[in-house]
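Enquirer: As a plain string of letters, each chain reads:
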Amino acid sequence: MSSTTTMPTSEPSKPSRKTYKGSERATWCAGCGDYSVLAALDRALIAYGRPEEEITIVSGIGCSSRFPFFMNTYGFHSVHGRALAVATGLKLARPEITVIATGGDGDALAIGGNHFFHAMRRNVDLTYILMDNQIYGMTKGQAAPTSELGMKTKSTPYGTFEPPVDPVWAALTMGATFIAQTASHDPNHMAEMFLRGLEHRGMSFINCLSPCVTFNAGMDREYFKAHSRPVPEDHDPTDYDAALRLVREAQREHYFPLGIIHVRHEPTLADRVGEIREKLHTAAQQKNEIEEIVKEFV
Amino acid sequence: MESDQKSLTVRFEGDSGDGIISMGRLFARTAARLGYQVYTFSTFLAVVRGGQVTFQARISDAPLLSQGNEPDILVALNRQAVADNAPRLPKGSLVLHPPFGGRCDEIPAHASVLEVNFKEIAESEAGTARSKNVAATGVLLGLLGLDLDTAEEAVDELFRSKGPDIAIANRNALRAGYEEGARHCAIAQSWVFPPKDRMARMLLSGNEAVALGALTAGVRFFAGYPITPASEIMEWLAAQLPKVGGLMLQAEDEIASLAMCIGASYGGVKTMTATSGPGLSLMIELLGLAGMAELPVVVVDVQRAGPSTGMPTKEAQGDLVLAAYGSHGEIPRVVIAPQTVADCFTQTIRAVNVAHQFQIPVIVLSSQSLSHRMQTIDPPDFDKLEIYEEKFWDPASGPRPFQRYADTEDGMPTPRSVPGIPEGMYRCGGLEHNEFGNPDFAPVVRKRMVARRLKRMAAIARAFRGTTLAYDVGNGSKLGLMSWGATAPVALETLNELEKEGITIRALLPHVLWPMPEMAIRSFLQSGIKTLFIPELNATAQFAEMLRAHFTKELLENNIEVVSITKDDGLPFSPAEIREGIFQHLKHHCGPEVLR
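Line order of the protein sequences matches chains S and V.
Numbering follows our numbering, with no gaps: position 41 of the first sequence is 41.
Numbering follows our numbering, with no gaps: position 243 of the second sequence is 541.
Pulled out of the complex, with its shape left as it was, chain S reads as follows:
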């Protein structure tokens, strides 16, 4: 679909630490987990090695949705909850572009819940990094869909009434083909998970525990550290049932499993469309094709 777009012909230079760094300075609170997420994504992109103009970061609204402004790539800071829909449209229109979506738990699972569900099942080749802090930070401290049952926030003075969503469980049951969980207190692990997500063909979902030190101080680095465990070495991520069991066990025992939860290889949405296009094998002569199509009305 990109016949009007010129792609660079020169050999791209090897990316360096400056390649993806935006000119804007990040403006999160001191101690915010998102700083190290940004640094880890930068490292993952350097390892991934694509030229900066072939990458687009799409986000919604929220602290973590500020990512596009802090990176020297194409960027689209859309509206609250719609990052995945915008990213889906971009990726399907321009399949050769690497599309990364970033956002927070409210953006993904409350206002964007409908799009989250369908993005997971569509298996569009996207990498989605969700920065999970279990609170609404940008609007200064209201309950999030990931907030624990009974958590007191500005909007839940008596504690929340609703049990939380587990983003990993949601992605797993909704059909994502790559699911990992990582945490901002472990930069190396984050960079590795992001890179694996970028390399995966299909919907890569990475839940990244990233504390909000200002509005959810109880869930800081130490809390997440204390409540997470690496995925057991004998876990086979290609075994879907094993992944389900692992996440259920983590829920029962109240910890966050860090690592690759599940991965499987399936045709992406673009692959399936490509098959149909090939069957119709008519893309070459577009104008004549339309004149052919018109005949059905005569």
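Just so you know, these hints were derived from the structure itself, not from any lab.
Honestly, I wouldn't trust all of these hints.
As the list claims (entries may be wrong) - Calculated lysine to any residue pairs in the SDA-like style (CA-CA distance at most 20 Å, straight line): (1) K295(S) / A622(V); (2) K541(V) / R272(S); (3) K295(S) / F680(V); (4) K689(V) / T706(V); (5) K295(S) / T706(V); (6) K21(S) / A622(V); (7) K541(V) / V294(S); (8) K753(V) / A622(V).
Assemble the complex: chain S is given as a structure, and chain V must be docked to it using the hints.
Expert: Positioned in the frame of chain S, the structure of chain V alone reads:
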């Protein structure tokens, strides 16, 4: 209608299981192949089965402007169809119906009746009573003497997908019906006239014409969500887009539909979505994003009778204000309303062109009657169609540093870059931003960017001058009329009829509703008209209100009285209704001398 134009209006009516739509399509397709101009209208209930279905087909030897008034021939497949239509049957009309076990006393004496047992014909010739609709259509075609071979071809195409046996059975039913009709042809003699030429015309619905226009204009990504009466646009494009390397994706809702289109547009691909009023309401936030980020996208709103779920299968023109003003904050946009099926094709192409030329969202306002109506159009000359291709920023020759939102004196956008273009990286989105696209809330920047976006409207208005934004017909009258969308051609037919009676009314029928075509409207208002009729299908006279708001000075200075003729019953205007609206006013407010 031209003065010596001949036309025939046939109404098919029956139960929703009777195959009424197939009958109408068969008749319409046959006539279009033979060179007749065709105009159809159908109405049915929102439920899949059950209830009365009507399909009206009007054929003529010259282009048609409306579906006509009451039918010349009524093909009634159930008793209720006779009862519903009998009181208004015009003089000399014909009712074709199966036996109902008794006389239909309500049919007026000035109409003639032909009773044929369609079911019996179908059972003996096709082996199934289900083909009774095709048998009845055969009787009609035989009465009129329309070419049987052409009709048989049409039957084949209509039923081919259901298997060869069904196609053959229906052909048999058609032929037997045709013979029966031919035996009675004397009764329909007054309705027989030849077409002007034998050119086979394209027969398509408004929705199909919109979709074909989008495809022709270069739309290659479409995301949509099912909604009556717009779904056919996405269904047709779902089949065609992959053939030209594109894609139709059914989204999870209307919000996602437009968000996906906006994402694809950011990628530099031409995109469109189509919906109806409830969907447009959901899209308004995203429309603001497209306006703020200056991304071209086309949204088709096939209006239906609201508010809320309202009457989903019924006609209305109630979304004009939403389309023109609906937004949080203020964005540049264009609203275009096609009036005919031919317009659905050409104005959709214009919408896509305009969206990319000005980097703005464009709304195409269609409506239910237009969307489902089939009308003949001359096959387009693809070499003559103007398709605008956007030139993106070029790192080799483009201005540096690259400013995505560079300020320009004339308000025109500068070339944008899209992912993949080196050194053209920028961040776009809904936040207020500076020329580079970076967030900036400084009052001086804000002022510049608001002005930048609104200057776009002035640039659009300037660029539109000298292009056809409206039909301007008639002259030298104190009476004027403005109308839009599907109502406009009906109004035009009314005026043509009145002209024959010596009453001249000047009309301005704009396609572009926003920005309001200022020059055309101003000169129209200064042409000497004193009474301005505005027929439209809503209860609050939305177009008239917009006109009053924007042309207060001209209306006052020229002492023009605006007379709204509104209707909100779910059905399109007939020419007679508009005529009635005009006469009502003239009777009460002027002496008979005004009519001279």
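Enquirer: Please go over all the hints and tell whether each is borne out by the structure.
Expert: Structure-based check of all given hints:
{"no.": "1", "hint": "K295(S) / A622(V)", "in the structure": "violated, 36 Å"}
{"no.": "2", "hint": "K541(V) / R272(S)", "in the structure": "holds, 14 Å"}
{"no.": "3", "hint": "K295(S) / F680(V)", "in the structure": "holds, 13 Å"}
{"no.": "4", "hint": "K689(V) / T706(V)", "in the structure": "holds, 17 Å"}
{"no.": "5", "hint": "K295(S) / T706(V)", "in the structure": "violated, 45 Å"}
{"no.": "6", "hint": "K21(S) / A622(V)", "in the structure": "violated, 41 Å"}
{"no.": "7", "hint": "K541(V) / V294(S)", "in the structure": "holds, 13 Å"}
{"no.": "8", "hint": "K753(V) / A622(V)", "in the structure": "holds, 17 Å"}
In terms of the numbered hints stated before, the structure departs from hints 1, 5 and 6, listed from lowest to highest.
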